[in-house]
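Chemist: Residue numbers (the UniProt record's numbering), protein chains in the order written: chain H, 1 to 289; chain Y, 1 to 289; chain F, 1 to 289; chain X, 1 to 289.
Intra- or inter-copy, both count: the list cannot distinguish identical chains.
With a straight-line cut-off of 25 Å between C-alpha atoms, the simulated SDA-like cross-links for lysine to any residue are:
#, residue 1, residue 2
1, Lys29, Ile60
2, Lys110, Thr98
3, Lys239, Ala255
4, Lys208, Thr248
5, Lys110, Tyr84
6, Lys239, Glu289
7, Lys21, Thr7
8, Lys208, Glu226
9, Lys16, Ser245
These are calculated hints, taken from the structure and not from any lab test.
There are 4 protein chains.
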Amino acid sequence: MKSQVVTFLIKCPDQKGLVAKITNFFFEKGFNILSCQQYVNSIEDTYFMRVRLNADGTNITKTELENSFLELAQPLQFSWSVNYGDKKQNVAIMVSHTSHNLYDLLERSKEGRLNCNVKMVISNHDKLRNIAEMFGIPFYYLPVTKETKLAQESQVIELLDSNEIDLVIMARYMQILSSYFINHYPERIINIHHSFLPAFQGADPYKKAYERGVKLIGATAHYATEDLDEGPIIEQDVKPVTHESTPTTLKRIGADIEKLVLARAVKCHLNHQIIVSGNRAIVFPEAGE
Amino acid sequence: MKSQVVTFLIKCPDQKGLVAKITNFFFEKGFNILSCQQYVNSIEDTYFMRVRLNADGTNITKTELENSFLELAQPLQFSWSVNYGDKKQNVAIMVSHTSHNLYDLLERSKEGRLNCNVKMVISNHDKLRNIAEMFGIPFYYLPVTKETKLAQESQVIELLDSNEIDLVIMARYMQILSSYFINHYPERIINIHHSFLPAFQGADPYKKAYERGVKLIGATAHYATEDLDEGPIIEQDVKPVTHESTPTTLKRIGADIEKLVLARAVKCHLNHQIIVSGNRAIVFPEAGE
Amino acid sequence: MKSQVVTFLIKCPDQKGLVAKITNFFFEKGFNILSCQQYVNSIEDTYFMRVRLNADGTNITKTELENSFLELAQPLQFSWSVNYGDKKQNVAIMVSHTSHNLYDLLERSKEGRLNCNVKMVISNHDKLRNIAEMFGIPFYYLPVTKETKLAQESQVIELLDSNEIDLVIMARYMQILSSYFINHYPERIINIHHSFLPAFQGADPYKKAYERGVKLIGATAHYATEDLDEGPIIEQDVKPVTHESTPTTLKRIGADIEKLVLARAVKCHLNHQIIVSGNRAIVFPEAGE
Amino acid sequence: MKSQVVTFLIKCPDQKGLVAKITNFFFEKGFNILSCQQYVNSIEDTYFMRVRLNADGTNITKTELENSFLELAQPLQFSWSVNYGDKKQNVAIMVSHTSHNLYDLLERSKEGRLNCNVKMVISNHDKLRNIAEMFGIPFYYLPVTKETKLAQESQVIELLDSNEIDLVIMARYMQILSSYFINHYPERIINIHHSFLPAFQGADPYKKAYERGVKLIGATAHYATEDLDEGPIIEQDVKPVTHESTPTTLKRIGADIEKLVLARAVKCHLNHQIIVSGNRAIVFPEAGE
Chain H
1 MKSQVVTFLI KCPDQKGLVA KITNFFFEKG FNILSCQQYV NSIEDTYFMR
51 VRLNADGTNI TKTELENSFL ELAQPLQFSW SVNYGDKKQN VAIMVSHTSH
101 NLYDLLERSK EGRLNCNVKM VISNHDKLRN IAEMFGIPFY YLPVTKETKL
151 AQESQVIELL DSNEIDLVIM ARYMQILSSY FINHYPERII NIHHSFLPAF
201 QGADPYKKAY ERGVKLIGAT AHYATEDLDE GPIIEQDVKP VTHESTPTTL
251 KRIGADIEKL VLARAVKCHL NHQIIVSGNR AIVFPEAGE
Chain Y
1 MKSQVVTFLI KCPDQKGLVA KITNFFFEKG FNILSCQQYV NSIEDTYFMR
51 VRLNADGTNI TKTELENSFL ELAQPLQFSW SVNYGDKKQN VAIMVSHTSH
101 NLYDLLERSK EGRLNCNVKM VISNHDKLRN IAEMFGIPFY YLPVTKETKL
151 AQESQVIELL DSNEIDLVIM ARYMQILSSY FINHYPERII NIHHSFLPAF
201 QGADPYKKAY ERGVKLIGAT AHYATEDLDE GPIIEQDVKP VTHESTPTTL
251 KRIGADIEKL VLARAVKCHL NHQIIVSGNR AIVFPEAGE
Chain F
1 MKSQVVTFLI KCPDQKGLVA KITNFFFEKG FNILSCQQYV NSIEDTYFMR
51 VRLNADGTNI TKTELENSFL ELAQPLQFSW SVNYGDKKQN VAIMVSHTSH
101 NLYDLLERSK EGRLNCNVKM VISNHDKLRN IAEMFGIPFY YLPVTKETKL
151 AQESQVIELL DSNEIDLVIM ARYMQILSSY FINHYPERII NIHHSFLPAF
201 QGADPYKKAY ERGVKLIGAT AHYATEDLDE GPIIEQDVKP VTHESTPTTL
251 KRIGADIEKL VLARAVKCHL NHQIIVSGNR AIVFPEAGE
Chain X
1 MKSQVVTFLI KCPDQKGLVA KITNFFFEKG FNILSCQQYV NSIEDTYFMR
51 VRLNADGTNI TKTELENSFL ELAQPLQFSW SVNYGDKKQN VAIMVSHTSH
101 NLYDLLERSK EGRLNCNVKM VISNHDKLRN IAEMFGIPFY YLPVTKETKL
151 AQESQVIELL DSNEIDLVIM ARYMQILSSY FINHYPERII NIHHSFLPAF
201 QGADPYKKAY ERGVKLIGAT AHYATEDLDE GPIIEQDVKP VTHESTPTTL
251 KRIGADIEKL VLARAVKCHL NHQIIVSGNR AIVFPEAGE
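Same shape as in the complex, but just chain H (with noise of 0.2 Å):
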């Protein structure tokens, strides 16, 4: 594990002792503790841990810490993850028409600026396919009908099961997924509505935006669950607008939104700084990284 920074995410029922408890564990074990951030919902008397360590100090091996970890953690009664940063994840990014989020991936992914191997592009258009040529991903095109729905979203599941996809980006993919294709990833795929919610659920936002004449326009990252527009949500953000715009320039001036929240909930998702409670997601900031 030297020279690796592994992110431990935890969450129990709250409890005296908890942060000694677990960075003494850590230390024990040989690990400098680079951060630990916690969160205490007091509502629901739960706890949340994020703690970053250093392995360059133990010779300890995955198995090894993670069956001393299990010691720790079930009498505690932990739900726990470990990612130990040794491989990158694997991402696919699904598109229909709109061009401003893909770009922005792609950009990022490849400038280094978002740590994962984006694996394929798959939409259900051929409208796109120049832009991941572009970049030289793999363009996938699936189209879909209401007839064909379940057998369009099967080839999609073969194709992100068969290249190991660890996280799929709905960057502006304007179909409604089934209840069994979002449950085959849970919190694995995470989705930009343009607008900001629980505001604008649903089609047209920005036409929307205009005829309540609001003065403010938006974008909303967030998990995907059953419940349309409804999942966890990790990032959000709003801009200004006036009376002077039409759902057209809305459109334009969200697009900007809507890259800028897609991109840090994406980065949050790969860096491990989230753990999902209920219908809420815990989104610790960087700490030093």
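Once you've looked at the hints, dock chains Y, F and X against the given chain H.
Modeler: Quick look at chains Y, F and X alone, frame taken from chain H:
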């Protein structure tokens, strides 16, 4: 009219030559045009204009001006209003328990940062009396129950009308007003709602925001209409929050947003910057004012 | 001129009747005024106007229009320019090592979100060649040393002039241009500086920002003038940061601000929204465009 | 110490095992750790920690706690402080002519939104006396001239010291304090400067902002040090502005930023969220407080 700033607000079907015709009219009457702002809604083919005039170069009377203007306005189907800036508007503030908006409005008014006379504070609770008294503003305690609602509203209306109130500010007045009341003061009641509408309409928006796990909270100032929290939006703002915030913390963070949003909306109204069109508020920015 | 949007930018001493005279002029020539924006600088008694016209109702030629307008303009001492929207402007992008602004501008241009022809990318390093090539844009590698500076600038000027470049974008071109170069393209070179000017002028602003412990970082797009980082500011933005950020993190966070700020500034320039007055840039907002 | 929130602030050279050692210490003494926040400055190899403890499970006395803690602190070279939350801090507000910050601080304090006792308002002008009196706070009018500067400062110091003032807030006190005064209250004087420092240090920042044509204005709250406007920055914010704003308008817009920035900085200080390190202020966010 010497030394006065005269403001015309105009709405009409869009057509060629409007700005030339209108500005010519004022130029020929001897006015100096301080600013002239337009908005064309090309979806509804509607034209909106706000003109601010300096009357120093003319001896025309108000009646002459308005009669002349009517001749221009009728064939072009103007809806219009004019304000001569010769008297401060009378304002009533309605509150319940929450003090931050009240303090803020009274301070701004006292320090000359809101161009109005706050004539009274009306509340269904006695709690904030001391604040009104600190600022030397009459405080009317008019408690309300389900049974006495209409009677209490009649008392309020009487107070407002006998004091020639031009604008009613609902500064966290936690009562739903009757249609009769609302329609008695069309486009003359401004309400502050403690969420970024249309998200979290109705009661307890901060609790709902916590439960939905949103990453920003906000406030919305709008004209009150019969449909609760559905009136034309004048001003909105938001602030980022994290999972750390409880409903109580959100309430505290939100208070600062509410203060600014309501104060800005009231200023725009008092300054004749707003034309309402359907459910949208056209809010012209200040023009060197 | 049919189907074109004609834009006039006017600056003159303030005087009574300007808006009436100017809008009348265009009305009488048969133009439809799409928007008419004004700004009066009452400190310097100067008047600024941006008028957008639809030429569908007129058969006037450009020469006739300009000759007629001159008769209006001269007695009123107008500085003015007109654009007929009939040809896209030619743009050159200058870069060094940093790629994020280049990607962003090329993407926007390719996707039709920036109304221009990017004719070339010029760099003193060969590093970003592949990005230009991805987008099919000619890339010129013109290295520079202290000794070859003037010679290299001559090469650049020749490239720009022979390609009839209308706008030069310094998208993190980390060289100080000579006065000769700068003055060759007055108000036609836009630079992005990676701080919220006038804070942190000169080199290494993110390092300075870290050392000063500021709680926000930003970026500034401005016209290049002889005084480094002192030219008229077109657009600025900032983002909150915390003590957690190292100079490296600030650089990464700043990249997203730089992209948006430069793109917005370029858009305003290409869209004829800017009038420079002394060291201030009057930037009219879009008007239903 | 029952029912109290005890807050430790610690700074020391970075080294392995710090979080485990410190949290263990408190766990063994019977404290419940409410929150534990860290920051590692890897450039200077320095470690910072803020720990909040609930003392309900322990009978330890303050002296015992501090003596024990010293044994931990000395070998690890801690700089540290502890606050027991058992008495409200005493605050003095210094003002000149400008009222908005004073109103805001007095309102927040009165309404329980700032955890302190405002013991007095001190001014070199008599103008704002009525505001202090509205809120029932003693007002000291201590005029100052070049000649009487040191004498006046002595009077101020006597007032502050005899009232056991913990924090001095310069809420637009437009006098430069002597080094003697400043050094008498290290990290205990917070000043609000009406620009986004380090831009526009010194006098008349809004005039300078107008002349420089910046597209945003701001405010900065910092600890006062001998170097004017150079002290550690606690909080900053900005707001976009346009060319329309005169210095007077900027002043008005800026007032709202100044209020929020100063109030937030004071809250962080009173809440023991700040550790100063050189010229940088480490400001921990609230942790579920």
